[in-house]
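Asker: Given chain X's structure and the hints, the job is docking chain F onto it.
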Amino acid sequence: MTKGAALTEKQAVETGLAVDMRGVTKVYESGVVALGPIDLEVRKGEFVSLLGPSGCGKSTALRLIAGLIAPTSGTVRVSRPAAKTSGPHPVGFVFQEPTLMPWTSVRENVRLPLKLAHVPASESDARIDEALAQMGLVEFAEAYPRELSGGMKMRASLARALVTDPDILLMDEPFAALDEITRFRLNNDLLALWRTLRKTVIFVTHSVFESVYLSQRVLVMTSRPGHIASEIAIATAEPRGEDFRTSADYAAYCRKVSNALAPSYPGRSGP
Amino acid sequence: MSLMDTPPPAAAQGAPDSRTLRLVRVLLPVAVLAVGVAAWEFVVRVNDIPPYVLPAPSAVFTTLLQDWPVLSQSLMTTLFTTLEGFIAAAIGGIALALLFNQSKWLEYSLFPYAVILQVTPVIAIAPLLLIYLPQQTAVVVCAWIVGFFPVLSNTTLGLNSVDRNLAGLFSLYGASRLQTLRLLKLPSALPFILGGLRIAGGLSLIGAVVAEIAAGSAGAGSGLAYRIAESGYRLNIPRMFAALLLLSAAGIVIYGLLALTSHLVLRRWHESALGKES
Numbered sequence: 253m254t255k256g257a258a259l260t261e262k263q264a265v266e267t268g269l270a271v272d273m274r275g276v277t278k279v280y281e282s283g284v285v286a287l288g289p290i291d292l293e294v295r296k297g298e299f300v301s302l303l304g305p306s307g308c309g310k311s312t313a314l315r316l317i318a319g320l321i322a323p324t325s326g327t328v329r330v331s332r333p334a335a336k337t338s339g340p341h342p343v344g345f346v347f348q349e350p351t352l353m354p355w356t357s358v359r360e361n362v363r364l365p366l367k368l369a370h371v372p373a374s375e376s377d378a379r380i381d382e383a384l385a386q387m388g389l390v391e392f393a394e395a396y397p398r399e400l401s402g403g404m405k406m407r408a409s410l411a412r413a414l415v416t417d418p419d420i421l422l423m424d425e426p427f428a429a430l431d432e433i434t435r436f437r438l439n440n441d442l443l444a445l446w447r448t449l450r451k452t453v454i455f456v457t458h459s460v461f462e463s464v465y466l467s468q469r470v471l472v473m474t475s476r477p478g479h480i481a482s483e484i485a486i487a488t489a490e491p492r493g494e495d496f497r498t499s500a501d502y503a504a505y506c507r508k509v510s511n512a513l514a515p516s517y518p519g520r521s522g523p
Numbered sequence: 004m005s006l007m008d009t010p011p012p013a014a015a016q017g018a019p020d021s022r023t024l025r026l027v028r029v030l031l032p033v034a035v036l037a038v039g040v041a042a043w044e045f046v047v048r049v050n051d052i053p054p055y056v057l058p059a060p061s062a063v064f065t066t067l068l069q070d071w072p073v074l075s076q077s078l079m080t081t082l083f084t085t086l087e088g089f090i091a092a093a094i095g096g097i098a099l100a101l102l103f104n105q106s107k108w109l110e111y112s113l114f115p116y117a118v119i120l121q122v123t124p125v126i127a128i129a130p131l132l133l134i135y136l137p138q139q140t141a142v143v144v145c146a147w148i149v150g151f152f153p154v155l156s157n158t159t160l161g162l163n164s165v166d167r168n169l170a171g172l173f174s175l176y177g178a179s180r181l182q183t184l185r186l187l188k189l190p191s192a193l194p195f196i197l198g199g200l201r202i203a204g205g206l207s208l209i210g211a212v213v214a215e216i217a218a219g220s221a222g223a224g225s226g227l228a229y230r231i232a233e234s235g236y237r238l239n240i241p242r243m244f245a246a247l248l249l250l251s252a253a254g255i256v257i258y259g260l261l262a263l264t265s266h267l268v269l270r271r272w273h274e275s276a277l278g279k280e281s
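From first to last, the protein sequence lines are chains X and F. Position in the first sequence (first residue = 1) + 252 = the numbering used here. Position in the second sequence (first residue = 1) + 3 = the numbering used here.
Okay, chain X solo, but in the shape it has when bound (with noise of 0.2 Å):
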């Protein structure tokens, strides 16, 4: 059994990846396979959608490359930054749900993962008010999670996974409980601010509509055994606003990836 590796500064220059997963597999204690054997690359900055239904492995495959469970099999690769060459791996996770700490401020939950690799409160502050400023949630920065709305909740979870400044951002279905004009407004946020920033983005979603409008290349999966299916690139030119939500390009590629999605549906033969 080969257990999750980093690739090191120089090997990531060398290949450009932010993440390599060769041969992995991932069987449960339960003896469910619940993934693969696949082969995934990411390109650094390079945002990416595994689309599928439920139960194809797709959060699986996120929790293999943030390192919270180990593969069964193969290998996964994760760049790092040649400083850091030991510990967590250097990622941001956005779970489906905004998993805040309920008994304190958004602040100090955005504080935890600083306060977990003891960075001093002096140097934390300052990146506590820039992460809490890109997802524009100063005024609510002493509020209470139960005192926000769901798509509040959600920036706050997005302002601590960027917090530590990641190259790359994990998100497990991040917007799936929203409704859908808070999670077109997050959409164009999460957008913008992958324009700025430039991190390596993978997206898990089961949204057909979503990861095309999201990504740079969507990634579709079937299940038993969790797979990736096929690849569908979104040519798209940058940078992409509403008007691309309603383009005869936008639903032509949706048409594609649905039709690709279409063999994994229960009781369907094929599109």
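Mixed in with the good hints, there may be bad ones.
Residues of chain F placed beyond 10 Å of chain X at every Cβ, according to the derived structure [as the list claims (entries may be wrong)]:
{"#": "1", "residue": "Ala34"}
{"#": "2", "residue": "Arg48"}
{"#": "3", "residue": "Phe114"}
{"#": "4", "residue": "Leu132"}
{"#": "5", "residue": "Asp166"}
{"#": "6", "residue": "Leu169"}
Which chain X residues stay away from chain F? Per the calculated CB distances, all over 10 Å, these [to be verified]:
{"#": "7", "residue": "Gly283"}
{"#": "8", "residue": "Asp377"}
{"#": "9", "residue": "Thr416"}
Covered, in the sense of this in silico footprint (three residues per stretch, anywhere, with C-beta under 8 Å from a C-beta of chain F), are these stretches of chain X [claimed, not checked]:
{"#": "10", "stretch": "359-373"}
{"#": "11", "stretch": "435-443"}
{"#": "12", "stretch": "463-472"}
Hints in this document: simulated from the structure, not taken from any laboratory. Quick reminder that beta carbons are idealized off the backbone N, C-alpha and C, glycines included.
Answerer: Below, chain F without anything else, positioned relative to chain X:
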């Protein structure tokens, strides 16, 4: 809130209703008490029941005032014992739960005995404790035996109820065991711990009283329960009632203080301490 800044019509209409309701909820039990006490007084007077059979409420009240020097001393003794037992139960219960949480081996080895201690009636253990321990220690140990289990089981439940994703987040950021305990598990468990303490407060009083009665039947002691036993032997029934009244009041105050503490600690974030509207 002043009457000048009236809330919107719907709320204004609702406000007096809820205020009336709150008033009714306070007044009804008080009225029931008044009626009950009056009926009791009436029955005793009309039937001319002697005080050594059933004292009238007025006689109980008079005794309470007359015997206040003795009774207040006993009250302090019992309260002090309860407090000692409660603190021991709180520390013991929380510490044991933390140990169990850190080491499964310890939990498997010791938890059954915690259960056995809990299910064995303390009234049956008390006489034995009084043989082997100095009386004051035995009484505190009784209060502890009864009080620690709810703290232990509630804290254990709380420590195991940590949000799975938050736990994942902590391991993602490389949190140490101590950080996870201090920043995640203990705050998550806090509502459960406070619930356990609220139960333990009342139970510590019960434990103290049980042990005092056991000690009292051996002819020693000075707490309220001992006064009850002693007054019983002397057929001083009004004093029995007066002491019982004080015990009851002590129990109510203990519960109220713990509920208030719980509310103050949790009011900003926990569902249990928030109004239905917010």
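Asker: Would you list, in rising numerical order, the hints stated earlier that this structure does not obey?
Answerer: Checked against the structure, the hints that fail are numbers 5, 6, 9, 11 and 12, while the rest are satisfied.
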